[in-house]
Amino acid sequence: MTDQKVDDARRLAAEIGLENPAPEVLEPLPLAAATAAKHRAALKAYSLSLADEPAVVFSVEEARER
Amino acid sequence: MTDLEYLRVADAARLLRERELSPVEYARALIARIERHDARINAFLRFTPEIALEDARRAEDEIARGNWRGPFHGVPYGLKDIVDYAGLPTTAHSKILIDNIAKSDAFVTGKLRAAGAVFMGKLSTHEFAFGGPCFDLPWPPARNPWNRDHFCGGSSSGSGAATAAGFLPAAIGSDTGGSIRNPATMCGVVGMKATYGLVSRRGVVPLAFSLDHVGPLTRTVRDNALMLDVIAGHDPLDPGSARHAGAGCAGQIEAGVKGLRIGVLRHFYDRDMVADPEMAAGIEAAVKVLQDLGAIVREVSTHPLSAYLACNRIILSSEAYAVHEKWLRERPGDYGARTRQRLLPGAFVKAADYVNANRVRRRLSHDFHALFEDVDVIVTASAMDPACRIDDDEKIELTYGRQARAPFNVTGGPALAVPVGFSTAGLPLGMQLVGKPFSEALLYRTAYAYEQASDWAKRRPRLDVSPARSRAGSSLEPSGLLGPVPPAMRDG
Chain A
38 MTDQKVDDAR RLAAEIGLEN PAPEVLEPLP LAAATAAKHR AALKAYSLSL
88 ADEPAVVFSV EEARER
Chain B
3 MTDLEYLRVA DAARLLRERE LSPVEYARAL IARIERHDAR INAFLRFTPE
53 IALEDARRAE DEIARGNWRG PFHGVPYGLK DIVDYAGLPT TAHSKILIDN
103 IAKSDAFVTG KLRAAGAVFM GKLSTHEFAF GGPCFDLPWP PARNPWNRDH
153 FCGGSSSGSG AATAAGFLPA AIGSDTGGSI RNPATMCGVV GMKATYGLVS
203 RRGVVPLAFS LDHVGPLTRT VRDNALMLDV IAGHDPLDPG SARHAGAGCA
253 GQIEAGVKGL RIGVLRHFYD RDMVADPEMA AGIEAAVKVL QDLGAIVREV
303 STHPLSAYLA CNRIILSSEA YAVHEKWLRE RPGDYGARTR QRLLPGAFVK
353 AADYVNANRV RRRLSHDFHA LFEDVDVIVT ASAMDPACRI DDDEKIELTY
403 GRQARAPFNV TGGPALAVPV GFSTAGLPLG MQLVGKPFSE ALLYRTAYAY
453 EQASDWAKRR PRLDVSPARS RAGSSLEPSG LLGPVPPAMR DG
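Chains as they are written, first to last, in our numbering: chain A, 38 to 103; chain B, 3 to 494.
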């Protein structure tokens, strides 16, 4: 990696709370960030209303059963 | 007794029950085949012939005393190596878990043990059911028995390869974004992702809690139904387990499709993504067969495929990163490079994205399930393309996106991958049958009618053909490009 790419990768590492990441983790970070951005953008194309509740919700019944 | 390697579970069950076949003889035939061919297919991570013979002797003794337990009594099977078998390592095909000895059986292992099935070993997977075929792990990736230079799909790669190669009549896989149905399609076998919660995930290494499913891969539809009937059932120790009695699928399989309403979800593979022409033609031909058998066929449409895939990817990457964050920080070098690359995007997904993906999931699921007011079964693509070469990194990466399987991990309903023929290069083609939650019996009934009207389940890969004598696309000799292939571990 060039110095610029290393700097970019370190900035991304800081963004996700990784301190002194190993080179194996540092190197794939730019592509990982780009992949996540692509997926997030695809999801944002979908408009939601206030009535759209998530599929995964807290349930008192279920919590009590555990 | 001949051809035990390709014996169907349904036929084996009859022969074993009537004592025309010995479970020991059956196990020995498959052990010999695995010993002869698996060094070039790599379906097994841990081959356990001694356990198999012990199970087979026990089955033989029980059946001789009149205690036949059911259709899997004395029948060999394998487990994807993310599924626990007490006393053996569950490695997830990873250095991270290489010393992870299972303390107890997974729920499905316990079910198969109670059914008297014969355990043959642990099967290859993509690392943590996510990575893809990697050459930097402690074991090599499984190869496609129809052409070992090609990818065999994944992540339940060993399960698909072992059933197609005649090593096992049935195997257990898992599916979070299509990992049972992908190897089923790539290897020309049948793979069921049942309704979320129908099969317990207890004792199975998680990838993404809300998308993970466990299910069977077999060579025939009836065998698949028989295995699902064994492993389904409520498990109070799996928080996602459905309060559902079981599957009860095999008994209804011969009811036919006359009058059944079949919807073809064509825009997934001819507009949202454009499938390989041979794959699309195979699906269309299968639909025509179902129509000729008396099904009422119409086209259906739903949200674009991209919406389902984005929803699956955000949820999957978030949940998978939650599972792997600690190891990625502490032992990054112990993952394969491809697995690290696939896990790390989860670090960049924000909490709001995850919540919104789950809001979208609910809307997509509601709208998709509403289609079943007008149709009983939906047909669509599984993979968009036949298996690519295993050493073609670019195409391997593309193959994960070029699929229509992940939508049904999002909706949670059942989806069955069924072979529909072969490409001109000799590689399997497949379709997917999709139903409303807990309609597995109807999917098997539809797939069985199609299977009976076609001959794909009778074809076998030719494991002994050398490249010089084989036609293009059926070579099973080492290519020499990918280095030596270490043998699977052997266990007592």
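Don't take every hint at face value.
[Said to hold, decoys possible] Here are the computed lysine-lysine pairs in the BS3-like style, where the Cα-Cα straight-line distance is at most 27 Å:
1. A:K42 x B:K352
2. B:K97 x B:K290
3. B:K328 x B:K290
4. A:K75 x B:K352
These are computed hints drawn from the structure, not numbers from a lab.
A quick look at each hint next to the structure:
no.: 1; hint: A:K42 x B:K352; in the structure: 23 Å, holds
no.: 2; hint: B:K97 x B:K290; in the structure: 47 Å, violated
no.: 3; hint: B:K328 x B:K290; in the structure: 51 Å, violated
no.: 4; hint: A:K75 x B:K352; in the structure: 13 Å, holds
In the structure shown, a violation is registered for the earlier hints numbered 2, 3, in ascending order.
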